[in-house]
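Student: Here is how the chains run, residue by residue.
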Amino acid sequence: MAKTLYDKLWDAHLVEQRDDGTALIYIDRHLLHEVTSPQAFEGLTLANRDLWRLSANLAVPDHNVSTLKSEREAGLDALPDAVSRVQLQTLDDNCEAFDVVEIPLNDVRQGIVHVMGPEQGAVLPGMTVVCGDSHTSTHGAAGALAHGIGTSEVEHVLATQCLIQRKMNNFRVEVTGRLPEGATAKDIALAVIGEIGTAGGTGYALEFTGSAICELSMEGRMTLCNMAIEAGARCGLVAVDEVTLDYFRDKPLAPKGALWESAEAWWRTLHSDEGAVFDRSITLDGAAIAPQVTWGTSPEMVTSVHGRVPTMAEMPDETARLGLSRALEYMGLEEGMAISDIKPDAVFIGSCTNSRIEDLRAAARVLEGRKVAPSIRKALVVPGSGLVKAQAEAEGLDRIFIEAGMEWREPGCSMCLAMNADRLLPGERCASTSNRNFEGRQGSGGRTHLVSPAMAAAAAVAGHFVPLESAGSVVEGG
Amino acid sequence: MKPFTVHSGLVAPMDRANVDTDLMIPKQFLKSIKRSGFGPNLFDELRYLDEGVPNADNSSRPLNPDFPLNMPRYQGASILLARENFGCGSSREHAAWAMEDFGFRAVIAPSFADIFRSNALKNGILPIALAVDQIDTLFSALHAEEGYTLTIDLEACTILLPNGALWSFEIDAFRRDCLLKGLDDIGITLQRADAIRAFEGQHRERFPWLFEGIVL
Numbered sequence: 001m002a003k004t005l006y007d008k009l010w011d012a013h014l015v016e017q018r019d020d021g022t023a024l025i026y027i028d029r030h031l032l033h034e035v036t037s038p039q040a041f042e043g044l045t046l047a048n049r050d051l052w053r054l055s056a057n058l059a060v061p062d063h064n065v066s067t068l069k070s071e072r073e074a075g076l077d078a079l080p081d082a083v084s085r086v087q088l089q090t091l092d093d094n095c096e097a098f099d100v101v102e103i104p105l106n107d108v109r110q111g112i113v114h115v116m117g118p119e120q121g122a123v124l125p126g127m128t129v130v131c132g133d134s135h136t137s138t139h140g141a142a143g144a145l146a147h148g149i150g151t152s153e154v155e156h157v158l159a160t161q162c163l164i165q166r167k168m169n170n171f172r173v174e175v176t177g178r179l180p181e182g183a184t185a186k187d188i189a190l191a192v193i194g195e196i197g198t199a200g201g202t203g204y205a206l207e208f209t210g211s212a213i214c215e216l217s218m219e220g221r222m223t224l225c226n227m228a229i230e231a232g233a234r235c236g237l238v239a240v241d242e243v244t245l246d247y248f249r250d251k252p253l254a255p256k257g258a259l260w261e262s263a264e265a266w267w268r269t270l271h272s273d274e275g276a277v278f279d280r281s282i283t284l285d286g287a288a289i290a291p292q293v294t295w296g297t298s299p300e301m302v303t304s305v306h307g308r309v310p311t312m313a314e315m316p317d318e319t320a321r322l323g324l325s326r327a328l329e330y331m332g333l334e335e336g337m338a339i340s341d342i343k344p345d346a347v348f349i350g351s352c353t354n355s356r357i358e359d360l361r362a363a364a365r366v367l368e369g370r371k372v373a374p375s376i377r378k379a380l381v382v383p384g385s386g387l388v389k390a391q392a393e394a395e396g397l398d399r400i401f402i403e404a405g406m407e408w409r410e411p412g413c414s415m416c417l418a419m420n421a422d423r424l425l426p427g428e429r430c431a432s433t434s435n436r437n438f439e440g441r442q443g444s445g446g447r448t449h450l451v452s453p454a455m456a457a458a459a460a461v462a463g464h465f466v467p468l469e470s471a472g473s474v475v476e477g478g
Numbered sequence: 001m002k003p004f005t006v007h008s009g010l011v012a013p014m015d016r017a018n019v020d021t022d023l024m025i026p027k028q029f030l031k032s033i034k035r036s037g038f039g040p041n042l043f044d045e046l047r048y049l050d051e052g053v054p055n056a057d058n059s060s061r062p063l064n065p066d067f068p069l070n071m072p073r074y075q076g077a078s079i080l081l082a083r084e085n086f087g088c089g090s091s092r093e094h095a096a097w098a099m100e101d102f103g104f105r106a107v108i109a110p111s112f113a114d115i116f117r118s119n120a121l122k123n124g125i126l127p128i129a130l131a132v133d134q135i136d137t138l139f140s141a142l143h144a145e146e147g148y149t150l151t152i153d154l155e156a157c158t159i160l161l162p163n164g165a166l167w168s169f170e171i172d173a174f175r176r177d178c179l180l181k182g183l184d185d186i187g188i189t190l191q192r193a194d195a196i197r198a199f200e201g202q203h204r205e206r207f208p209w210l211f212e213g214i215v216l
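Line by line, the protein sequences are chains A and B. Position 156 of the first sequence, counting from 1, maps to 156 under the numbering used here, and the rest follow consecutively. Position 59 of the second sequence, counting from 1, maps to 59 under the numbering used here, and the rest follow consecutively.
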């Protein structure tokens with residue numbers, strides 16, 4: 001019977017299916033970070049349980065690390081925030097006590113867990129991957145079945161190497177044609193969420209297919225799958241192709257020699273079969289996807305940069321009207337106003353969505369030889385990992401950002417969730433390459449507009465949202 | 001986990017769609033390495049008029065009088081009535097811990113985000129999905145009547161309304177059983193350790209590169 005990619009990954013990891021509809025799924029790779037793991041390790045200790053398979057686990061601090069070189073170069077003990085220091089120290093201590101491999105704070109390979117994983121080849125096609133972070137969906141870009149999990153599930157995976165799951169339904173999101181110049185994977189993600197809503201993918205595994213998806217680089221596919229969770233889907237998927245294989249071939253933890261050959265043979269089967277049945281399908285015309293900007297407090301509150309904020313009259317019902325008026329009040333916007341009239345005070349280029357080398361290149365192309373507008377009070381570029389940072393510096397991108405008037409930081413999650421000192425002040429408005437525009441997400445009272453790296457850079461220069469062609473720049477997709 | 005069998009409790013409203021877990025427990029509280037103590041900071045930004053900081057004394061902070069959980073009529077509420085896609089966003093289980101610590105035993109909404117639903121069930125909180133018109137009925141009744149109380153019977157999968165109506169709801173059989181008995185997932189899964197070991201052996205043969213270990 002013809003199978004979907006999700007069906008194949010599920011079947012290859014099914015330990016047992018139970019009569020009540022639940023199943024035990026075997027987990028190949030478990031990524032850990034400092035925020036959602038301490039209570040899980042504590043649970044193991046209290047129950048006197050050990051790790052099921054030590055070598056499945058890899059830890060890295062990212063959510064709560066300082067991104068200032070001056071604060072972190074002297075190591076953990078010198079970090080100024082005592083509460084954060086305890087949390088980061090706890091990860092180190094747990095990894096030592098349980099013998100888990102950890103990439104420490106000042107290692108060049110340290111970075112956002114979802115950037116580090118594929119970069120090291122710790123995540124590979126065909127794997128099941130979990131992490132106590134909802135953006136674990138990122139790794140579906142590799143043709144891996146990747147779920148974000150809660151801390152109880154982190155503990156469960158540490159102790160049993162399995163996850164208790166019900167099989168999800170299959171949802172195909174086909175994006176045909178070619179993206180127009182200036183549109184990127186981020187714009188596909190936002191356009192899909194605008195189409196199906198933030199709960200549209202609940203209970204589904206989303207597989208992205210079609211020519212516009214095939215043309216994306218691995219980085220672009222990661223951006224897209226990263227945001228599957230913002231459509232409610234616990235995992236996003238892209239089939240394995242030459243792009244995937246080329247990306248993983250030289251990664252440090254990828255199999256080598258004969259093992260690579262056997263792995264490649266299996267990975268080449270990781271696509272949905274002709275005639276596979278999807279429970280739901282939608283098709284978007286890639287050529288019609290313009291650069292997107294969110295205007296509200298949910299990623300589904302999104303339109304194109306050429307568009308306008310909706311009006312109350314356009315809302316279908318009372319709940320929607322209430323939602324719109326609450327969002328507009330929080331965001332400090334008027335109904336019907338043009339997106340290009342919105343003026344950010346801050347710019348954030350980073351996060352597990354958009355902090356890879358391609359993202360930094362796209363932003364740098366717009367910023368080269370230009371200055372950030374005087375009205376922008378804060379402009380951070382936070383590379384996704386130490387290796388991304390080193391690569392960007394080798395290409396001179398850091399100079400472009402610094403000369404434009406932006407801050408060039410050390411890797412971490414930073415202002416995407418603002419657990420560290422990188423955050424918006426109440427009322428501050430940010431053009432952000434991150435993934436969530438929820439109330440308070442980037443700082444209490446902060447206002448977030450989600451955009452691609454090139455769009456964030458263009459807004460930084462213009463001082464308001466602006467189509468890339470108006471920013472006077474030709475930007476390739478990424 | 002505290003078992004859930006029959007629960008009667010006061011209902012409080014959260015009348016907005018897409019309540020995300022950032023709203024339920026803002027990021028600064030995620031610096032805690034504990035599982036408890038999040039209750040005072042549940043819905044922190046809506047509940048208080050100042051900005052919350054970790055490890056602070058919340059009892060002297062200015063309360064937002066317009067937030068339902070601060071209103072006298074909803075004091076002691078243990079059932080939250082909410083709208084679509086409750087618990088979306090971040091996987092932080094801290095959101096479920098905060099709900100549990102605050103005293104909530106159930107959330108009733110038209111739909112839930114997957115990760116929050118799973119986290120809630122692992123912490124003795126019952127997420128009940130009902131049809132939109134039923135939710136509308138409950139909101140209207142709740143606004144009209146002070147002291148609005150529901151009785152949830154998990155064994156029977158029913159909700160008893162104050163007017164005597166008895167509504168049924170559906171829940172995954174496995175999760176229902178775990179909640180009724182207060183069972184911990186890990187214990188249940190480890191009963192299948194032999195099956196996991198057998199699978200792992202075949203998996204290793206088929207995909208040997210997955211078992212190479214991490215050498216950095």
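Think of the hints as simulated: they come from the structure by calculation, not from any bench. Mixed in with the good hints there might be a few duds.
Stated by the list, open to error - Here are the simulated distance ranges between beta carbons: (1) B:Gly39 / A:Glu334: 35 to 41 angstroms; (2) A:Arg377 / B:Pro208: 22 to 28 angstroms; (3) B:Gly182 / A:Asn169: 28 to 34 angstroms; (4) A:Asp279 / B:Asp66: 55 to 61 angstroms; (5) B:Gly39 / A:Asp241: 55 to 61 angstroms; (6) A:Asp279 / B:Pro54: 40 to 46 angstroms; (7) A:Ser211 / B:Lys2: 37 to 43 angstroms; (8) A:Gly177 / B:Ser59: 54 to 60 angstroms; (9) A:Leu259 / B:Asp177: 41 to 47 angstroms; (10) A:Asp77 / B:Asn55: 19 to 25 angstroms; (11) A:Asp241 / B:Arg16: 40 to 46 angstroms; (12) A:Met337 / B:Leu161: 41 to 47 angstroms; (13) B:Ala173 / A:Leu425: 45 to 51 angstroms; (14) A:Ser325 / B:Ser59: 53 to 59 angstroms.
Unchecked claim - To give a feel for the contact side, a few chain A residues facing chain B, derived at Cβ under 8 angstroms: (15) Asp20; (16) Gly21; (17) Ala23; (18) Thr45; (19) Leu46; (20) Asp50; (21) Leu58; (22) Thr160.
Glycine included, C-beta positions come from ideal geometry on N, C-alpha and C.
Student: If a hint holds in the structure, say so; if it doesn't, say that too.
Tutor: Hints, one by one, checked against the model:
no. : hint                                    : in the structure
1   : B:Gly39 / A:Glu334: 35 to 41 angstroms  : holds, 38 angstroms
2   : A:Arg377 / B:Pro208: 22 to 28 angstroms : violated, 54 angstroms
3   : B:Gly182 / A:Asn169: 28 to 34 angstroms : holds, 30 angstroms
4   : A:Asp279 / B:Asp66: 55 to 61 angstroms  : violated, 42 angstroms
5   : B:Gly39 / A:Asp241: 55 to 61 angstroms  : violated, 49 angstroms
6   : A:Asp279 / B:Pro54: 40 to 46 angstroms  : holds, 43 angstroms
7   : A:Ser211 / B:Lys2: 37 to 43 angstroms   : violated, 52 angstroms
8   : A:Gly177 / B:Ser59: 54 to 60 angstroms  : holds, 59 angstroms
9   : A:Leu259 / B:Asp177: 41 to 47 angstroms : holds, 42 angstroms
10  : A:Asp77 / B:Asn55: 19 to 25 angstroms   : holds, 20 angstroms
11  : A:Asp241 / B:Arg16: 40 to 46 angstroms  : holds, 42 angstroms
12  : A:Met337 / B:Leu161: 41 to 47 angstroms : holds, 44 angstroms
13  : B:Ala173 / A:Leu425: 45 to 51 angstroms : holds, 49 angstroms
14  : A:Ser325 / B:Ser59: 53 to 59 angstroms  : violated, 33 angstroms
15  : Asp20                                   : holds, 4 angstroms
16  : Gly21                                   : holds, 7 angstroms
17  : Ala23                                   : violated, 10 angstroms
18  : Thr45                                   : violated, 12 angstroms
19  : Leu46                                   : violated, 10 angstroms
20  : Asp50                                   : violated, 11 angstroms
21  : Leu58                                   : holds, 6 angstroms
22  : Thr160                                  : holds, 4 angstroms
When each numbered hint is compared with the structure, violations occur for hints 2, 4, 5, 7, 14, 17, 18, 19, 20.
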